[in-house]
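All chains, please: the whole structure from these sequences, using the hints.
Just so you know, the sequences run in chain order X and U.
Using numbering that gives the first Met the number 0, the first residue of the first sequence is number 0, and each one after it goes up by one.
Using numbering that gives the first Met the number 0, the first residue of the second sequence is number 0, and each one after it goes up by one.
It is worth saying that the hints were derived from the structure and are not from the lab.
Small disclaimer: the values here were computed from a predicted structure and weren't measured.
Errors might be hidden in some of the hints.
[Said to hold, decoys possible] Computed list of lysine-lysine pairs in DSS-like fashion (alpha-carbon distance at most 25 Å, straight line):
#1 X/K57 - U/K176
#2 U/K178 - X/K483
#3 X/K415 - U/K80
#4 X/K484 - U/K150
#5 X/K200 - X/K33
#6 U/K85 - X/K89
#7 U/K150 - X/K355
#8 U/K136 - X/K342
#9 X/K355 - U/K136
#10 X/K104 - X/K483
[To be verified] Coverage of chain X stretches by chain U, computed from C-beta distances (three or more under 8 Å per stretch; other residues unrestricted):
#11 33 to 45
#12 56 to 67
#13 217 to 228
#14 335 to 348
#15 354 to 361
#16 401 to 409
[As the list claims (entries may be wrong)] Far from chain X, some chain U residues (derived; all Cβ distances over 10 Å):
#17 D99
#18 T116
#19 E158
The beta-carbon is built from N, C-alpha and C at its ideal position, and this holds for glycine as well.
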Amino acid sequence: MNLNLEAKKANSYDAIVVGTGVSGGWAAKELTEKGLKTLVLERGRDVKHVIDYPTMTKDPWQLPNANRLTTEELKFFPVQSRMGVSQANKHWWVNDIENPYTEIKPFDWIRGYHTGGRSIMWGKQTYRLSDIDFSANAKDGYGVDWPIRYNDLAPWYDHVESYIGVSGRAEGLAQLPDGKFLPPMELNCVEEVFRDRVAKKFNGRKITIGRVAHLTAKLPHDPNRGVCQSRNMCDRGCPYGAYFSSNASTLPAAARTGNMTLRPHAIVHSIIYDETKGKAIGVRVLDAQTKEEIEFFSKIIFLNASTLGSTFILMNSTSNRFPNGFGNGSGQLGHNLMDHHYKAGAECEVEGYDDKYFEGRRPNGIYIPRFRNIGDDKRTDYVRGFGYQGSAGRENWNRGVLEMSYGEELKNLLTKPGTWTIGMTGFGECLPYYENHVSLNKDKKDIYGLPTLNIDAEWKENEKSMRKDMMDSAAEMFEASGFKKVETFDRAAHIGLGIHEMGTARMGKDPKTSVLNKWNQVHEAPNVFVTDGAAMTSSACQNPSLTYMALTARAADHAVSELRKGNL
Amino acid sequence: MNRREALQKTAMMLGYAVSIPAITGVLNGCQATPGIAFKPVFFNDDQARSVEILSEIIIPKTSTPGAIEVGVPSFIDQMLKNAYGKQDQDEFLQGLADLDRDANEAYGNNFTSCSTTEQETLFKKYHDAAFAVPLAKPALGWWNPRPADKKPFILRIKELVLLGFFTSQIGATQVLKYKQVPGPFKGCIPFADVGKTWAT
Numbered sequence: 000m001n002l003n004l005e006a007k008k009a010n011s012y013d014a015i016v017v018g019t020g021v022s023g024g025w026a027a028k029e030l031t032e033k034g035l036k037t038l039v040l041e042r043g044r045d046v047k048h049v050i051d052y053p054t055m056t057k058d059p060w061q062l063p064n065a066n067r068l069t070t071e072e073l074k075f076f077p078v079q080s081r082m083g084v085s086q087a088n089k090h091w092w093v094n095d096i097e098n099p100y101t102e103i104k105p106f107d108w109i110r111g112y113h114t115g116g117r118s119i120m121w122g123k124q125t126y127r128l129s130d131i132d133f134s135a136n137a138k139d140g141y142g143v144d145w146p147i148r149y150n151d152l153a154p155w156y157d158h159v160e161s162y163i164g165v166s167g168r169a170e171g172l173a174q175l176p177d178g179k180f181l182p183p184m185e186l187n188c189v190e191e192v193f194r195d196r197v198a199k200k201f202n203g204r205k206i207t208i209g210r211v212a213h214l215t216a217k218l219p220h221d222p223n224r225g226v227c228q229s230r231n232m233c234d235r236g237c238p239y240g241a242y243f244s245s246n247a248s249t250l251p252a253a254a255r256t257g258n259m260t261l262r263p264h265a266i267v268h269s270i271i272y273d274e275t276k277g278k279a280i281g282v283r284v285l286d287a288q289t290k291e292e293i294e295f296f297s298k299i300i301f302l303n304a305s306t307l308g309s310t311f312i313l314m315n316s317t318s319n320r321f322p323n324g325f326g327n328g329s330g331q332l333g334h335n336l337m338d339h340h341y342k343a344g345a346e347c348e349v350e351g352y353d354d355k356y357f358e359g360r361r362p363n364g365i366y367i368p369r370f371r372n373i374g375d376d377k378r379t380d381y382v383r384g385f386g387y388q389g390s391a392g393r394e395n396w397n398r399g400v401l402e403m404s405y406g407e408e409l410k411n412l413l414t415k416p417g418t419w420t421i422g423m424t425g426f427g428e429c430l431p432y433y434e435n436h437v438s439l440n441k442d443k444k445d446i447y448g449l450p451t452l453n454i455d456a457e458w459k460e461n462e463k464s465m466r467k468d469m470m471d472s473a474a475e476m477f478e479a480s481g482f483k484k485v486e487t488f489d490r491a492a493h494i495g496l497g498i499h500e501m502g503t504a505r506m507g508k509d510p511k512t513s514v515l516n517k518w519n520q521v522h523e524a525p526n527v528f529v530t531d532g533a534a535m536t537s538s539a540c541q542n543p544s545l546t547y548m549a550l551t552a553r554a555a556d557h558a559v560s561e562l563r564k565g566n567l
Numbered sequence: 000m001n002r003r004e005a006l007q008k009t010a011m012m013l014g015y016a017v018s019i020p021a022i023t024g025v026l027n028g029c030q031a032t033p034g035i036a037f038k039p040v041f042f043n044d045d046q047a048r049s050v051e052i053l054s055e056i057i058i059p060k061t062s063t064p065g066a067i068e069v070g071v072p073s074f075i076d077q078m079l080k081n082a083y084g085k086q087d088q089d090e091f092l093q094g095l096a097d098l099d100r101d102a103n104e105a106y107g108n109n110f111t112s113c114s115t116t117e118q119e120t121l122f123k124k125y126h127d128a129a130f131a132v133p134l135a136k137p138a139l140g141w142w143n144p145r146p147a148d149k150k151p152f153i154l155r156i157k158e159l160v161l162l163g164f165f166t167s168q169i170g171a172t173q174v175l176k177y178k179q180v181p182g183p184f185k186g187c188i189p190f191a192d193v194g195k196t197w198a199t
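Below, the structure is given as structure tokens:
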């Protein structure tokens with residue numbers, strides 16, 4: 000055996016997983032538990048659960064500058080700071096100077112490069128898509144039809160929810176299927192009033208507690224994870240492992256099998272395609288520390304590098320077979336970029352309930368499932384719909400700046416909470432537009448000398464029309480509930496800020512119009528699976544992470560089954 | 000025009016209700032600038048003392064510690080140096096300079112050398128005037144991040160004092176109530192069971 004073959008053997012695995020976020024962690028867990036020797040490649044540094052959460056127990060007075068970044072620190076985060084980077088979480092966001100991209104139109108690309116990815120900083124809202132979502136494209140003609148329906152994914156939603164732990168309340172709605180829930184978190188007093196009045200005035204319209212990947216009860220199968228303590232310091236990493244992250248949940252499970260090799264600082268920049276075998280045989284890695292180029296080989300490859308990360312790798316993987324990007328015979332690679340639009344809604348004051356309060360910082364809020372363009376509700380001004388997220392609370396000390404008092408009077412006043420307030424924003428579906436797309440920019444390189452992305456996307460008329468209704472319908476519900484000083488708002492955030500970027504390698508029935516098949520396999524290279532947000536054929540209006548996880552578990556099951564049959 | 004007349008004229012121009020005792024206090028001479036309780040990294044000593052005085056007017060020592068005792072002036076000094084851009088820094092210093100200018104016009108002294116009553120009178124004048132224009136309320140939640148507005152200087156320092164005070168250990172735990180580990184969320188309980196505003 001020559002040296003090359005030796006090296007190749009040492010770098011060979013059954014499977015390679017690229018990325019360690021919500022979907023990568025699931026690919027790692029499922030593939031290793033099914034017995035595959037799996038190499039998990041993470042482009043950033045390693046982050047060990049609890050050990051590498053430096054700010055997780057810091058009190059407000061232990062964070063410099065009241066948790067604000069210094070002007071010097073802000074220079075590294077011109078993009079990430081659009082979301083809000085703080086002293087408590089600054090170590091999770093990418094350095095924008097080292098990781099550039101080009102905004103052909105404004106696009107907020109919020110990223111975290113480290114083991115666990117954005118599963119450390121995510122919002123934990125966890126919802127199923129329904130058949131109303133899976134059939135939406137076919138029904139109104141935007142985009143292409145999903146190649147799957149709810150029944151295809153339902154058992155995998157069960158599988159994922161049962162493992163990660165999702166608290167929520169079953170509501171029996173067709174548009175928001177119930178799942179395997181841990182006990183729901185409580186609504187506060189005013190949220191209960193709002194729920195009851197809206198149900199009465201709007202023909203049973205539901206307001207429910209957010210369904211979230213926080214443990215409200217222990218998981219017998221994962222005793223290392225504890226119950227949520229309502230600290231609401233989640234974005235620092237949770238010492239209890241109470242919310243789902245790859246670091247707390249799936250990666251430890253993968254490690255326990257003994258089948259996982261996790262390699263941080265490994266930037267996958269392309270897939271190796273063997274022209275003679277007619278298949279993908281591995282990936283090319285640039286070691287971020289040594290700058291060494293390394294090739295790794297495997298029978299199957301899972302791309303879970305985040306929506307635009309995975310699409311970047313596909314676009315950057317050219318060969319005689321794929322001159323325009325890997326698996327891009329359809330010409331759809333990079334196109335149909337979506338996100339959720341939000342920060343349009345209403346807020347108001349609620350009189351009374353001065354003798355009521357709450358205890359704990361609930362990392363969750365209310366959820367109003369979509370009610371537009373469902374059943375008898377038909378809008379003429381836009382298609383699809385939105386859900387609402389928000390919460391009620393009582394004004395705290397920060398109302399003091401606008402109090403006319405000062406001195407002892409103000410100090411005394413602020414020791415008591417102020418008026419109850421409630422507010423919410425819609426989270427709206429974004430249509431898949433071909434022209435919302437990313438492309439490779441070979442002129443602008445990152446610090447590793449790799450090409451970068453041009454992002455060219457925007458909200459269009461359907462989203463803008465929907466936003467008006469997101470404001471009006473929120474105000475209507477508050478007013479009907481008897482709440483005061485109702486004000487609507489539209490902060491018109493750029494696309495990207497939902498941090499739900501989706502699409503760009505969509506699933507579909509037809510290889511001529513889609514990149515992936517119904518099992519998330521690249522149509523033209525079936526041993527390559529893309530199971531993160533890139534696969535999404537439509538965006539629905541629900542927070543998407545659960546769907547990425549379910550798609551991943553389903554694809555991993557199919558991959559191993561096909562591998563065993565000798566089909567891959 | 001003698002000093003008393005000048006002061007009264009200025010006071011009238013500015014619309015101050017300056018009491019005779021207050022004016023008398025000024026005429027009776029300056030007070031020495033007391034030493035400041037911290038070593039400033041951004042302000043000069045005079046500015047630092049002004050910030051101390053203003054902080055304590057906004058949140059005084061009562062049965063619980065006040066702004067100076069919990070270190071708010073030093074917090075503001077650090078914030079200005081580390082977390083404020085040049086323009087915001089300049090505007091803040093201009094605010095302190097304006098205060099001295101008005102103190103001199105009204106009382107013939109820099110702000111720090113005015114009597115306690117004069118200082119509070121000046122503060123109140125500024126503070127009342129700040130509410131003449133519409134002001135953006137603090138955000139109620141993540142869903143509606145309000146764009147930062149340009150608050151008048153007096154409200155910017157008030158905002159900083161409240162921020163520094165209520166995120167301090169004493170402010171959060173003695174004046175308000177704080178639990179790092181609250182335990183499972185209780186959604187609807189009698190206020191009496193808590194008794195105070197949650198610090199966070």
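A quick look at each hint next to the structure:
1. X/K57 - U/K176: holds, 16 Å
2. U/K178 - X/K483: violated, 31 Å
3. X/K415 - U/K80: The hint is violated at about 32 Å.
4. X/K484 - U/K150: The given pair, whose Cα atoms are some 23 Å apart, holds under the 25 Å limit.
5. X/K200 - X/K33: violated, 51 Å
6. U/K85 - X/K89: Cα-Cα ~22 Å, so holds.
7. U/K150 - X/K355: violated, 33 Å
8. U/K136 - X/K342: The given pair, whose Cα atoms are some 17 Å apart, holds under the 25 Å limit.
9. X/K355 - U/K136: Holds: X/K355 and U/K136 sit about 23 Å apart, inside 25 Å.
10. X/K104 - X/K483: Outside the cut-off at roughly 39 Å; violated.
11. 33 to 45: violated (count 0)
12. 56 to 67: holds (count 9)
13. 217 to 228: holds (count 3)
14. 335 to 348: holds (count 4)
15. 354 to 361: holds (count 8)
16. 401 to 409: holds (count 6)
17. D99: Given a closest Cβ separation of 20 Å, the condition holds.
18. T116: holds, 13 Å
19. E158: With a cut-off of 10 Å, U/E158 comes too close to chain X, as the shortest Cβ separation is near 5 Å.
Figure legend: structure checked against the earlier numbered hints; hints not met, in rising order: 2, 3, 5, 7, 10, 11 and 19.
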